[in-house]
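These protein sequence lines map, in sequence, to chains F, H, L and P.
The first sequence finishes on residue 225 if you use the working numbering, and the numbering steps up by one all the way, no holes.
The second sequence finishes on residue 955 if you use the working numbering, and the numbering steps up by one all the way, no holes.
The third sequence finishes on residue 1035 if you use the working numbering, and the numbering steps up by one all the way, no holes.
The fourth sequence finishes on residue 1115 if you use the working numbering, and the numbering steps up by one all the way, no holes.
I should point out that these hints are in silico values taken from the structure, not numbers from a laboratory.
Backbone N, C-alpha and C fix where the C-beta goes; we use that ideal spot for every residue, glycine too.
Accuracy of the hints is not assured; some may be wrong.
[What the hints assert, rightly or not] So, partial list: chain P residues that the calculated Cβ filter (under 8 Å) puts toward chain H:
1. 1047
2. 1049
3. 1055
4. 1063
5. 1064
6. 1065
7. 1103
8. 1105
[Stated by the list, open to error] Derived lysine-lysine pairs resembling DSS-like cross-links, with alpha carbons at most 27 Å apart:
9. H:515 to P:1066
10. P:1099 to L:974
11. F:170 to H:515
12. L:966 to P:1112
13. F:136 to H:515
14. F:40 to F:64
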Amino acid sequence: MKSSVIVFPGSNCDRDVAVALEKLQFKNSMIWHKETELPKSDLIVVPGGFSYGDYLRSGAIAAKSNILSEVISAGKKGSLILGICNGFQILIECGLLQGALLRNSGLKFISKDIFVKVQSNKNKFFNKYKTGEILKLNIAHNEGNYFTDKKHLEELENNELIPLKYSDQKGNINLKTNPNGSINNIAGIFNKNKNILGMMPHPERMADKVLSGEDGLGLFLSLMN
Amino acid sequence: MTVTKDQIESHGLKPDEYKKIKELLGRDANLLELGIFSAMWNEHCSYKSSKIHLKKLPTKNNIVIRGPGENAGVIDIGDDDAIVFKIESHNHPSFIEPYQGAATGVGGILRDVFTMGARPIALMNSIHFGLPQNEKTQNLLSGVVSGIGGYGNSVGIPTVGGETKFNSTYNENILVNAMAIGHANKNKIFYSEAKGINKPVVYVGSKTGRDGIHGATMASAEFDENSEEKKPTVQVGDPFAEKLLLEACLELMKDNSIISIQDMGAAGLTSSSVEMASKGKLGIELNLNKVPCRENNMTPYEMMLSESQERMLIILDDKKEEEARKIFDKWDLDFVVIGKTTNTNRLILNFDDKKIADIPIPALSDKAPLYERKWTKSKLSKNKVKIKDLKKIKIEDALIKILSSPNHSNKSWITDQYDQVVMCDTIQKSGGDSAIVRIHNKDKAIAISVDSSANYCKADPKSGGKQIVCENWRNLISVGAKPLAITNCLNFGNPEKPKIMGEFVECVDGIKEACEFLNFPVVSGNVSFYNETNSKSIFPTPVIGGIGVIDNLKKIVNIKTKKSGNLIMIVGKTLGHIDQSAFLQENFSIYGGPPPEINLVNEKNNGLIVLKLINENLALSVHDISSGGTLVSLAEMSISSGLGLKIYKPKKLTNSFEYFFGEDQGRYLIEFSKNNLKKIETFLKQNSVFFEVIAEVQNDIFEIEKTFSLKTKDLHDYNNQWYSKYNAIN
Amino acid sequence: MKFAVTVTLKKDVLDPQGKVVGQTLKNMGIKNLNQVRQGKFFEIDMNEEDSAKAEAQVKEMCEKLLANQIIEDFKIKKAE
Amino acid sequence: MKFAVTVTLKKDVLDPQGKVVGQTLKNMGIKNLNQVRQGKFFEIDMNEEDSAKAEAQVKEMCEKLLANQIIEDFKIKKAE
Ligand SMILES: Nc1ncnc2c1ncn2[C@@H]1O[C@H](COP(=O)(O)OP(=O)(O)O)[C@@H](O)[C@H]1O
Ligand SMILES: [Mg+2]
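One chain only, chain F, in its complex shape (with noise of 0.2 Å):
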């Protein structure tokens, strides 16, 4: 399996992701956002991180380097992409996916575990997980409320269109285990024909046992099935 993790002026989780493809022997490249070209990949990576110091809006001004045309291009043709955190962001600023990332509900940056439960394995990101399963994963942001029409939240919901929801340990879905702010406890979406994954929680965080954890990794054994 090969992979490609965009690199921007300011990401700070490329090599965190980086380290966890190449654990699970993915031949990974890192691409400088000047690159007008991406190596033929099965994998897209944008990752965390501040690029451009999220000044403006995160993700605004990433979304215009050159490589995200290719990005782009390779979205609409099919690739498989993820984008975590800063990378979800990106890939809502640059119209692969829909909606929009708002300040945190508190205002303040979060930075904790958090658990998140898997609504769908029917994807080539989840199918490792069982449907209902509870992850301990990482988040750290500051605007992660995710927000969005009720038509394309509809869509959203009848489509399995959201691969984790935030909640607690046992998997309760509500106001209190909400982090955020986000609309229905969204903590990642797919673009319709579900290639395309945007997240705010870390996998990445939670790929070694000496860390905080593994739930991480199973998200990047699906992508290789």
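Knowing the structure of chain F, use the given hints to seat chains H, L and P with the ligands on it.
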């Protein structure tokens, strides 16, 4: 044009200091030169009040690669790995503008570490505020915390721990100390010493603006006509620029084009260029027309004294310019040759084809004034508190009071605003005795802790100085690390007052004694004097940042109790020293009396033995006993695991308050399996370590036999409410 | 030639910042406060004599970068 | 009664956001751009008939919360 008396005074220089300047120059100084002298001779850059005392500190042993004097200290942790670390204060800026003050404090200390060729791998902080009910505190707290997080999170360095304290002594003068820790190859450390003549001096990073120009308000009056432009401005941090600068510098450092490198910190371009030249015994000549400026019409005075952030000065080797420029272009950063090294031993500044300053380098560095200031010994308070009056309160109420107090409450409101795990090497985040960060790609880690105890230091500066080093050492031991070295940030009042100077001298003596005894050298640090408002000084507050090494990741322990049925013992002797305790302060607002005594022999012996128990896998969880005493420490272990404890009453009980809340030093709590009791007992006896079994782990209930019984969950709640209530929006 | 641009969230988009700011102001005792909405403000300075051309360019900046038109509206004013 | 408040960084204060936004616009081809400075914008709606009183209150809000006067200036305008 010579300078006036007013200008000399407004630059914070004393008349006899100016006299010395004239002697060194052989003439009067012009205004630009005066500005440069004032920046180099002020307390912050010259250490003129502290230097002779700091010299007493132990700074060398077999693991120290570079001690104080560089941007940060460097120690050897084996296998070519070096750890580069330092702590620094940003107290005054943070009081004026908490977000930017704290943020730029973090930015500054990060640059100190990556200038030396180290990739920063962790950030820590020590923050002290006035009482919560003080009007300013809440705003300062939330601004400082989001500033620390805002900068570190954005650069992508995990903030893994720290300490937060509230004390009325900081009502008008908060403390914000930030520590950065980096990892480098020990054969690729970069220093600031210039070498070679006619080498290009390169300015890299962000442009220079009118940020934080000291004393410039009046002084620059003659430079420009538009008075609006004269306001000294607060520095604003740009973490994005810092991240680019970090990556660009580390990329350039991969080959050997850099001769020397120095960040522009306090006194910006002035101190960086002087320091490089001074260390290399060389001269430096700059063309100020080349300095990249952010604003129009900036004067040489402003360029030399600006404290704009995210800038560095580099001396490059011959013919390396083009390669280096490419790297900085890639990262969209300025890269401009602004001067060269010379053999003149002078700082020469040119502007518009005129020489505008010409100062012998030694005049700015080696010949800066040094003071042996008058100091008086602190009066120690001998009177012991009479415990009789205190019997009216119940033990469990006192415990709850402490656990739910601002100083002892769980800090997750703070730490949830810090990205603690970016870089994917954080093994232990905040919440334990030390943070633990793995060395990337290796099976080893470092432990980090920062500590202070202003109340102890106020009551007895020398013993307080010792205590804080010991507490730091203990915190490192408690996670299974071998303590290696420290950095320190000495926050004090006005050194011109003999009483304050005395506090400083005695604290340093205490630190010295403990560091020497424990073989725990000081490799870097920072002194922050003049922490006072309206002539009221803060309590002496030395902050110690310690590093330990863990050679095997399987030998790490934490404070979480593991299994019902296991036993807990106290290692170290409990005498019941209750003066200066959290118990008296939180329950009765009593602050008098001496702090607990430090016995360095026991301290070292107990610590090394505990480390052995950990390495033999005999200690399953460990927590040192610090503020709040045994009962609070036991409660913290319970809260962190959710398991309860049955605590025994000691047989020869004189007073249970003294026993359970006393803050005798050199003590640890250790959880172990019952089967190992004999083995551990024998081992401790052989090594003359005092111990007593004090509790048994059980489910859910936290109790002292025949005294009280509480649900662990309730303890958790008491410990977790204060911050969110205090900071609630509605 | 200078322009002042304001970018505001569309009416039906939740504004977490404005909400918290409004709540804080109410807690500070401003009882007759109805609502606060927070947006962004840009001061744009152009090297351009032709004001129609400059304004068209500013509009382009807004559409392409400064505002996310899915959730935001913008307004352009010429400043003195 | 509605007010439009703009909060901008003082002249000599570094504006990292404006800097990056300006650079991005230039990279996108707007060569005649001189400078961009970014600030905040608030739309404040008050339940208050007395416009002098309302304006005084908005000023108070700016001083106490919306602007940090050490690094920022603010401007208040009555909106329709
Ligand atoms: N400002 C802060 N930033 C990060 N972590 C903090 C901060 N303040 C406190 N902590 C964390 O809270 C925990 C408890 O702190 P403290 O009571 O000072 O510990 P100790 O007594 O062991 O030194 C520690 O793990 C510490 O790292
Ligand atoms: Mg401790």
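Hint check against the structure, violated hint numbers in rising order: Result: hints 4, 5, 6, 11 and 13 break, sorted rising.
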